[in-house]
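Peer 1: Here is how the chains run, residue by residue.
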Amino acid sequence: MTDAPANRVHRYQRWDGELNKNRWTWLAMVVAGVRLALKDRKTRSLVTTITMVVLGACIVLYVLSLLELLAGTEQGKAIAEFVHAFLGVDVSEVSRIAEFRESLWRVFFLLIIKIEMFWVLLIVALVGPRLIASDLKHCALPIYFAKPVTPLTYVTSKWLVVAVFIALVTFIPNLLSLIVGVLITGGLHTWAQTASLGLDLVLSGLSVCLVGGAIVLALSSLSSDHRYVAVAWLAVCLLPVFGQTILNNLLPPESTTGWLGCVSLRDNIMTVTDWLFGMREALESSDLPAEAFTNALLKPVKPICAATVLAAWTLAALVLSYRRVVKFSQTAANV
Amino acid sequence: MFSCNNLCKRYGRVTALVDVTLAVEPGVVGLLGPNGAGKSTLISVLLGQTRATVGKASVLKLDISRQQRSIRRRVGFVPENDCLIPGMTGTGYVYYTGRLAGMSHADSMQRAHEVLDYVALEEARYRPTEGYYAGMKQRLKLAQALVHDPDLIFLDEPTNGMDPQGRQTMLSLISDLGNAGISVLLSSHLLPDVQRVCERVIIMAGGQVLTSGRIDEMSKPHPTLYTVDFAGDVAALRQQLAERKVSVLEHSNGRLSIELPGENSQTAVLEAVRASGGKLHGLHPRRSSLEETFMAAIQRQHQT
Amino acid sequence: MCEIELAVIELDKVSKWYGEVIGLNNVTATIGAGITGLVGPNGAGKSTLMGLTMGQLHPSKGVIRVLGQKVWNAPAVLSQIGYCPEGDVFWLNLTGSQFVGFLAKQSGMSGRKRREAVQKAIELTGMTSYAGRAIKGYSKGMRQRIKIAQALVHSPRLLILDEPFTGTDPVGRHELGNLFRSLAEQGVDVLISSHVLHEVEALTSQMLMIDHGRIIAQGDVHTVRGTMHDRPHAIRVRVDQPRRLAIYLAGLDIITGVKITAPDALMIETPSPEQVYQQLPGLILEKGLTVSEIAAADESLEAVFDYLTRRSG
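Residue numbers (the numbering used here), protein chains in the order written: chain E, 1 to 335; chain X, 1001 to 1304; chain H, 2001 to 2313.
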């Protein structure tokens, strides 16, 4: 084995094509980033698992729709009992389901989103840390910044890669199962009822993408070892949850409805999602058995506080990653 | 190919470039200097990655402070470090850098194979780059720099860690690029490599340009100082040389350093050899090698 | 050479394989005193040979003697060998002198003796002013130097240097070359591997060339070139009227080819260079030409190495 097969040198050929103005560079970077991340077996199996869960969600929706169709029959009662035993939701008055379908689905998706927060935690821990850290470790940044790539394009593209994965485990499966549910129940009526729900699902998913992506990006730009970044990410997500629990136990309930209730990122996202979904009002105004849904709702916190805290985190994280990348792009050639 | 005017760069209290003024014509040019001479900083400034503290410069007649992106569309860079993206194959990597340069999907893929052929990465191009050895990585990095057909490439230590055959291949690629009309700025610690492929050199130290110019002018043969490799009766040769007014300065193991009585009087040496009945294994005009020029330039700088 | 050649390293039918992969194949070689260059392409077996010499590897077959003794499991011999590995092997948080001091301790030195040895080794490699700084802040060239200092600290009789020049700048190369030469003059034997053939050639003419785990040539470069009878020799002549000389040369039966390579230069190809060297001065004088250079074009280590590796590959 030697460095060169032979001293065979082809003549250099010039290329007379045109370079575009780099309008689509970000897309190429996102595609490459997503493909690289999917090369990891763990990431692939997580994404597959989540697709399975989407199927599961569709089945639940299907059951609900079935209840609607079978209202009043013996079969309907049996299914209702099953649902009651399994989900703890009393749906015996299924004949009224069409009236509060939207609320029911909202509660359903709220539960799903709550579970999805855990998946987001995992997938971001798998995909996010390598984004910038790996380029730092392998000194790949000079490759980007010797080509007409700006730090802004770089940061945006890297952020979009995490965003794609967060979307893959949050609002994309949610939307899919919503569409399937709508198709099963059928009818324009259902469409009209659930259109705003679809929008809310996208909005809540995008907020997770924005916040989670920005934070992991900032962490990734701070170290060249992706394992440290993964640990830091888990710490940033999990420690405040414990902190919030301790605060809630120490302080009187009314004092944790403001800023002091906004320690945990996950809780903040859930608060904002609750507010987006308008769940609290919907429940309060309906005559549904409210105790069935208390699990789905958090302790009341002012949504404006939660949203402000999230926005502050995101902004700080994006500014930090951008500044780090600018710095690296300048010291790309070592002095 | 590029020009700089009073270029200065300071990092806090460290000064990396001091008043660099240069006008370099297109061609294959070597950039020499000890560690910390400011070579990498100069390249970084010319690529528009680092902003100069003071001064102006232009690359391919484009201003570095205002036309950064246009410059980067027309230059390629082979960095010193590995700079690979783990998980990518050779082809994927070059394709990707083509996309970064602003090529379309189809152009980039086609051109990636073209430049991989050029650097002679055969089936290895379909394997992940992590398994490449030093020489393959260097050639891959060259392919990456050439993918968008630049008019100028910067090479930072491209032969580092390569075995003799790998170095030769790399050097012939660089010469060929020069012939194809692509300008090359080759930064290297290996003076023989620079001597072999470059027409001109820039010697830097301590952030300053010490000398720049054509290599053949720097290592012009000395008109009267020669070295003779001789096999035979050395005493007889010395006598014959003395008769012809050729003075022997040094002698060891059949190698004689001589000084001719005047220019174009090499004939005297041949006559002396013939008269002594020995064999003339070599007659070399003394020329200062690039290494001597380099060392002399560095020493001059230390003295001032 | 007036002193008696003493074999520093002796390999007797040594083979080394790693599982199924062959590292060194039935090698018999003697490495004498002074500086010896070890050259070969990547994966040729250089590191295996070095590893065997230091007793780090056990030969699968054959015997290897260093300074007259078997090296495997022989601390007495090993303490006389200094080794500078190719890769980075550092505790990055140590300072240069701590690093060298630690390794001096490993080779059994202590107290004032150790301090002095460390200081001397660091001084030899020109690292005195950086010895107090942590290694992680060192440039590549400084790392090489501290690695060499570490190999020198116990005043070994044999130095094994694996690519000691990698990453050092021209000034550093020059200084290290001088250091190795002066060590050799003081009686330290040096085995040095390098990919940069000019540098090895500047240090020594004694070479050991290996490829595919076999020795393809050993000894003086010019002697090696002389034994390659299947290759016609090339002689470059720089002369004012190459065409006239070429016409005349073409008529001689000892010359197999003449090529005009530049307006003032031609290349002679011949199987018997000695005769050409004998006759050339006369020929040039008879024709009244002015010659400015006569040189063997393919006797450099690089040319010889190129021929040999192509033949063996």
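The set of hints was computed from the structure by calculation and includes no laboratory data. Just so you know, not all the hints are guaranteed correct.
[Stated by the list, open to error] Derived BS3-like pairs: lysine-lysine, alpha-carbon spacing no greater than 25 Å straight-line: (1) Lys327/E / Lys1056/X; (2) Lys114/E / Lys302/E; (3) Lys2287/H / Lys327/E; (4) Lys2259/H / Lys1220/X; (5) Lys1279/X / Lys2136/H; (6) Lys1279/X / Lys21/E; (7) Lys137/E / Lys1056/X; (8) Lys39/E / Lys1220/X; (9) Lys2136/H / Lys2105/H; (10) Lys1137/X / Lys2105/H; (11) Lys327/E / Lys2259/H; (12) Lys1245/X / Lys2105/H; (13) Lys137/E / Lys2287/H; (14) Lys2140/H / Lys137/E; (15) Lys2140/H / Lys1279/X.
Peer 1: All the hints need checking, so say for each whether the structure fits it.
Peer 2: Against the structure, the hints come out as follows:
Distance hint between Lys327/E and Lys1056/X is fulfilled; the C-alpha atoms sit about 21 Å from each other, no more than 25 Å. Using a Cα cut-off of 25 Å, the hinted pair Lys114/E and Lys302/E holds, with the two alpha carbons roughly 19 Å apart. Note on Lys2287/H and Lys327/E: the hinted pairing is violated, with a Cα-Cα distance of about 69 Å set against a maximum of 25 Å. For the suggested pair Lys2259/H and Lys1220/X, the alpha carbons sit about 24 Å apart, so the restraint of at most 25 Å is met.
The suggested pairing of Lys1279/X with Lys2136/H is violated, with an alpha-carbon distance near 56 Å, which exceeds 25 Å. Between the alpha carbons of Lys1279/X and Lys21/E the distance comes to roughly 67 Å, so the proposed pair goes past 25 Å and is violated. Of the supplied pair hints, the one linking Lys137/E and Lys1056/X is violated, its CA atoms being roughly 33 Å apart against a limit of 25 Å. For the proposed pair Lys39/E and Lys1220/X, the alpha carbon gap of about 57 Å is over 25 Å, so the pair is violated.
At roughly 22 Å between alpha-carbon atoms, Lys2136/H and Lys2105/H fall within 25 Å of each other, so this suggested pair holds. Distance restraint check for Lys1137/X and Lys2105/H: the Cα-Cα separation of roughly 39 Å exceeds the 25 Å cut-off, and the hinted pair is therefore not satisfied. A distance of roughly 57 Å separates the Cα atoms of Lys327/E and Lys2259/H; the hinted pair therefore is violated under the 25 Å criterion. Taking the CA atoms of Lys1245/X and Lys2105/H, the gap is about 62 Å. The hint is violated against a cut of 25 Å.
Straight-line distance between C-alpha atoms of Lys137/E and Lys2287/H comes to about 67 Å, which puts the hinted pair past the 25 Å bound. Between Lys2140/H and Lys137/E the CA atoms are separated by roughly 18 Å; this keeps the pair inside 25 Å, and the hint holds. Pair hint Lys2140/H plus Lys1279/X does not hold up; C-alpha atoms about 46 Å apart against a cutoff of 25 Å.
Comparing the model with each numbered hint stated earlier shows that hints 3, 5, 6, 7, 8, 10, 11, 12, 13, 15 do not hold.
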